[in-house]
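Construct all of the structure, not just a fragment, from the sequences and the given hints.
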Amino acid sequence: MIWTVSAISLLRLWNNKQELLLAFVVPILFFSIFALIFSRGVGESITQVRVAFVDDEGSKESRALIRDTCAHREIKSVTGVGKTSGNWSIAELSRFLISSRDVEVVVYIPAGFTQQNPDAPTLSIELFNEGVNPIGHRLVQASMAEAIAMQFSAASIAELRAAEPTVKFASATKLADSDSAGRQFSSANALPSAQARSAIDSDEQAVFKNVSAFASNKHQPKVAMVAAGIAVMFLLFSANGAGASLLEEREAGTLDRLLSSRLTLSDLLLGKWIYITAVGTTQLLVMFAWGQLAFGVDLYGHFTGFMVMAFATSAACASFALFLSAICHSRGQLHAASVVLVLSMSAVGGSMVPRYIMSDTMKSLGKFTFNGWALDGFQKLFWYDLPLSAIRAEVFVLLSVSIGLALAARVLMKRWIAA
Amino acid sequence: MLKSLRPLVRLQDAWAGYHSQPVLRGISLDLQAGELLGLLGPNGAGKTTLINCIAGRRQLDRGRIDFSDPRPCTEFLGIVPQSIAIYPDLTVLQNLRVFGRLHGLRGSVLRQRVAEAIEWAALESKSNSLAQTLSGGMQRRLNIACSVLHKPSVLLLDEPTVGVDPQSRERIYNMVEELLALGTAVLLTTHQLNEVETRCDRIAIMDNGSVLAAGPLTDLLARTIGTSQQLSLRFTSVQHDVPAPLKLDETGLAAVAVIDGRSPQLPQLLQKLATNRIAIEHMVLREPTLEHMFLHLTGKELRE
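The listed protein sequences correspond, in order, to chains A and B.
Numbering (this note's numbering) for the first sequence: 68 to 486.
Numbering (this note's numbering) for the second sequence: 163 to 466.
These are calculated hints, taken from the structure and not from any lab test.
Where a beta carbon is used, it is the ideal one built from N, C-alpha and C, also for glycine.
Check the hints yourself; a few may be wrong.
[Stated by the list, open to error] Now the in silico label distances, taken between C-beta atoms and shown as ranges:
(1) A:102 to B:263: 50 to 56 angstroms
(2) A:345 to B:252: 14 to 20 angstroms
(3) B:340 to A:470: 47 to 53 angstroms
(4) B:252 to A:482: 26 to 32 angstroms
(5) A:334 to B:180: 24 to 30 angstroms
(6) A:371 to B:180: 47 to 53 angstroms
(7) A:331 to B:180: 21 to 27 angstroms
(8) A:482 to B:286: 40 to 46 angstroms
(9) A:95 to B:278: 57 to 63 angstroms
(10) A:297 to B:252: 51 to 57 angstroms
(11) B:175 to A:406: 45 to 51 angstroms
Pasting the structure below:
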């Protein structure tokens, strides 16, 4: 008897392919996604920090410093080496590069850095970081320190002993000695003599100056990003729940009745789309309003941009839900498909795991998700404090996808009438 | 009895199919004002496709459907689906209001029609109850009421009495009678032969996408099986072969045949059974009914 009860459950599971999928395939899928994220990606073993170098010195030494820094696998130079123009300050240029060129750290080498008087250093390498990735600029700093130290060790010992090293290089040696992992650099550490060490005993802050390109005067931007990540994921789930009403109406025969009234299929879809979009936008608004009340998220200061992003995100989620409903034959099928797709998109798109720890390939995959585009938009608003015009790409993509999926859903639903 | 000779719907040589497989094969049929036309047919006969074509949900491949009403069919046509197609999580009142709005009713007209519909469906005491809390019969009545708010001149009723008790069934047919009295043409599909026999003015029997016969029951009986009667026999032992036109059932203990009651067919058949030493335990001879006619025309039971 007991075995029969077990057998019944087993048979029901076997006959219900959606449930079978959720039970066995989804765990494997998610294990794979998170394994790829935490093992640092597809086809890559490391997470690279995307760095832009601005070299106002332009000397042989500074170029060598950049070259040696980029030799580290963890560093990826994304825009090459350039100089500040006369029109932009380095801070403005950094904000531009970070917000629009997918750069995490901007390294600024001021003119005369390697040539300055070691006894009275006045110039520092400035590291402008986006603030989202807490380890990116530290990694760059350590790598640069190591590069400086390697240049230093390459110089003749005689020159070192003559106590004429560039003071900054020497200081970096100390910094690298203590901060970096050592490795091949450890032998170089033996090079500086006590004399040299004493000569370079200066504040390491004089070498590297870390500057937050955006996060000053911020009101809990991290909470805003968490809220955005969670909100988009739940928006996708709730949109799919609302989209399921179409299949429910179809299964119950209500759709026949609706379509035998003056309502057309396009009216029906548009009505559903407006509802899901309005509810989604309200959900986001409520979540961020709570974020402002409870956690100090600056919703009020970004209200217009927020509403535009919330609408675009909700619109995309609504169309996605309608499209899924159109391609599925039953609510069970829709449930299985939405769980798999929403969780996958959320994992890859950054709703579950910060994207800065992902490899470039995984980050690129994130561009195929609503979450990725939505988070980029919210990040520009709440973290980078960028104006409305800065999120036009995100809004354009989300709204285009929304229109495309809604039209596809409309075409696919024609078969419902013919059935 | 026909209540009018004005056809509201006329199908002429209607053909329709799925994936080049014809489901309707040249259907010609009239539906007249104030008439209750019963559409009978086994599953897969094409009844639902026919209803969808009349409702405009499907295009004909060939032939035509003419309506006497020049308005778009959504304005004068009402459809009651077989399933209870209402929103279970809305109240009776809310369901009626939303479906009224979808049929273009607004303001005082909508309020008046909703009030009339609640009274007509005898749901006054339940107007603020969620539809899902109603009994099956009440839900069926609400299901019909939602389809007639715009006062359609043609109503397509797809098995409106499935799963309801006799009292609710009676109430539903009373509602239909009231619509008929107002001149509404009603096309009824059902598996309840007794309902068709007793309620419908005309009957159309469909099979394999064709209308095999259509007309008032008495005319149909005379035209199809005429004076035939159904003979049912039960034997004392299992039989493997019986003389024609008897047809053995799967147990081998019973057989049926349609015979001409006015000819000597019955005595001859009984004589043959006696000759073959087949002992009869029980014998019934019935007058022709719709069921006999259906069997005669389609060669199968309605629920096959």
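- Query: When the hints from earlier in the document are held up against this structure, which numbers fail?
  - Reply: Violated: hint 10 alone.
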